[in-house]
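Enquirer: Chain by chain, the residues:
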Amino acid sequence: MSTETPERGRSARERAVGAFTSRASKLGITAGPALIWLFLLLLAPLTFMVAVSFTNVNTLTYEIIWEPTMENYGQLFAGEGPFWQTAFFQSLTLSYFIAAVTTVLCLVLAFPLAYLLARRGGTTFKVVIFLVLLPFFTMYLVRAYSWYLMFGPSGVINSTLIRIGIIDGPLGLFNYGVPAIIVGLTHAYFPYMLLSLYASLDGLDFSLTEAARDLGASRIETLKDVILPLVLPGIISGSLFVFVPALGAFITPQFLGQGKVLMIGQLIEERINSLYAIGYGSAASMFIVLSIVIAFALAFRYVSIEDLGGV
Amino acid sequence: MATETDAGTETDRPAGTDTGAGTRILDHERKEWLLGRGLYVVAGALLVFLWIPLAVMIILSFAVNASTFFPFRGFTLAHYGATFADAALMGSLWNSVQIATLAASIATVLGVLASFALARYAFPLKETYRTFGILPMVIPGVVLGIALLIYFRTLLPQLFGIVIVPGFWTVVLTHSVYGFPFVLLLVTSRLYTFDESLEEAARDLGADPLTVFRDITLPIVAPAIGAGFLFAWIRSFEDFIRAFFVRGTMDVLTTSMFSMIKYGTAPKMNAISSFIVLVIAVVLAVAMNVGNVTGMVAGTEGEE
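Taken in sequence, the protein lines are chains V and Y. Quick note: the first sequence uses this note's numbering, first residue 20, plus one each step. Quick note: the second sequence uses this note's numbering, first residue 2, plus one each step.
Pulled out of the complex, with its shape left as it was, chain V reads as follows (with noise of 0.2 angstroms):
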C-alpha cells in the first residue's frame, strides 16, 4: 500500500515493521468488526444449531442434555407408516414442488418484461421501473396479505365472479391452498427474477441478435443459441433468488394455506414455537441448509458469486 508517507530517518527494517503493523492494523480495523460480529451472530448460533440437532432437551427444564444422539433425525422419517407418509418428508417434497413451480413461472413471465425494459429507454423505462420495483419494496407481509383478501370462498376474486355471473358458487381455485400459495410467492419474488434478469439483458450487446439474425437465424434459433448462453448467468441467480427463500418460506403459505398445506417452514416453526422442539426444528432445518447449499453449489458452476451481487 502507498498510503503511507515515507518517514526519513528510520532503518529499512524500522520502516518494513512499520508499514507491516499499520497494514495489519488496517486490515484489523476493516475486516475485524465484521468478523467478530458475524462470528458472534451467525456461526456461533449455526454451528450450534448443528450440534443441537444431535442433541436431546430436556422436556421439563427445555435444557440441553449434550449427549450425541439421532433421535430428532429419526423422527423426522418415523411415523404410522413408511417414511414417505411422515409430516415432515410430504412437507418437504411439498415445499420442492412449490418452490419449482414458482421458480419457473417466475422465469417465464419475467423474461418478456426484462427485455422489453432492456431494450426500451426513456419514460417507459421509468415508468415501468417503478412501478415494478414499488410492489418490491412494499412489505413482503403487506403483499401475502393482499392476496389473503383476493383469494377464498368469499374473496375478492370468487365474489366479484360471482356477481358479474361468470359462475354460481366460488370455485375451488380461488380458494386458500396450493394454487394460492403459489400465485402469492410469485407476486413476492418476482422482482427479484426480473431484476437478475435485467441486470444480465441490459448488459447484453444486442447487435449480436441482429448479427446472428442477418445470417439467417429464425427469432427462436436467436433466442436459444444467443441470448439465453448470455443471460444464463442472471437466469441462474434469479432462479437462486426465488427458489431459496421460497423453499423456506412461511408468511405465505400460513395466510394462502389456511391450514390445508403445510410447508416446511410452518412445520419448524409450529414445533418449535408450541413445544420448543430445538431439536426436532434444528434436524429439520438441516435439510433446509443442505438443500440450499446443494443449489448454490450447482449455480456455481455457472455463475460466480460476484454475478449474485446486487439482488
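A portion of the hints provided could be inaccurate.
Unchecked claim - Simulated crosslink set (DSS-like; lysine-lysine; CA at most 30 angstroms straight-line): (1) V:K243 / V:K145; (2) Y:K263 / V:K279; (3) V:K243 / Y:K32; (4) Y:K32 / V:K145; (5) V:K45 / Y:K127.
Simulated from the structure, these hints should not be mistaken for lab results.
Using the hints, position chain Y against chain V.
Expert: Chain Y in isolation, oriented as in the chain V frame:
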C-alpha cells in the same frame, strides 16, 4: 399506464396487401409489429398482476365492508382513524422504526469497513470472508431465526452464563447481521469501480489521508453507503420471521400485523398497509429522481 398510450398510435398500420414480392416484406413488418405489440401486452398484463391485489387492498381500506367488495356499502375514512388511534399498533410501528434504524446503522458501519477490507487489501481466506459476509442474506429466515432463538435463549445462558432476554436488543442484533450483506454488496461494487488514482492525485498534491478520505473517497462512495443503509433499513422494517422468533414478548409492526391477519381485523390491516404503500411510493419516487435506484437494485450500476 405506458402500454395503453402506445397501443393507440399503432392502429393505422396497413394490413398485408397481396402485390407479389411485396407480400413477404409486409408480412415481415406485420410480424415485427405483432411481436412488439405482444411484448407490450405481456408487460401490461404483468403490471396488472403485480398491482391488482395492492389496488384492491387500497380500495378496501376506504370501504365500509373491509374484506370483500360485495355487498358494497360505501366509502369511509373510519378505518384510518381507528388505525392511527390504536396505541398498541402505533407502539409496534415505533419499535420497528427504532429497530430498523439501529440495526441498519450497525450494518452500515460494519459493512462499509468490511467493504474497504475486501476492495483494498489482499488477505488470506478473502473469498471465504466474502462468502461468509453474504451468507445472512441467503440463509432462510426460519433457519436464522431459530438458530438465534436457540442461541439467545438456551446456549448463551446454559454454556456461558450470559443472559440476554429476547426483546428489543436481540431483534436489533439479528437484523444488524441480516442487513450486513446488502451494505457489503453495494459498497464493494462501488469501490471496485472507484478510480484510485484520484486518491493518489490528492495525496501527491499534499492532502493527508484523513482529508483524502473526507474530500475524495467519501463523496464518491456515499451514494452506495446511503443505498446500503436504506436497503438494510427496509429489510429490517419488513422482516417478520426473524423478529418473530427472537422478539420475546415485544411487538414490532410485522408481528402486530401478523396477529391482525390471524385474528381477523381486516379494517386496520388494510389501512396500515395502504398507508405503508403510500409512504414507500413517495420515498421511492424521490429516491429515483435523486439517485440511480435501478442500477443499485439490479447491480448494473457503473455500467451506465
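Enquirer: Now look at each hint and say whether the structure bears it out.
Expert: Verification of the supplied hints:
{"no.": "1", "hint": "V:K243 / V:K145", "result": "29 angstroms, holds"}
{"no.": "2", "hint": "Y:K263 / V:K279", "result": "15 angstroms, holds"}
{"no.": "3", "hint": "V:K243 / Y:K32", "result": "19 angstroms, holds"}
{"no.": "4", "hint": "Y:K32 / V:K145", "result": "27 angstroms, holds"}
{"no.": "5", "hint": "V:K45 / Y:K127", "result": "15 angstroms, holds"}
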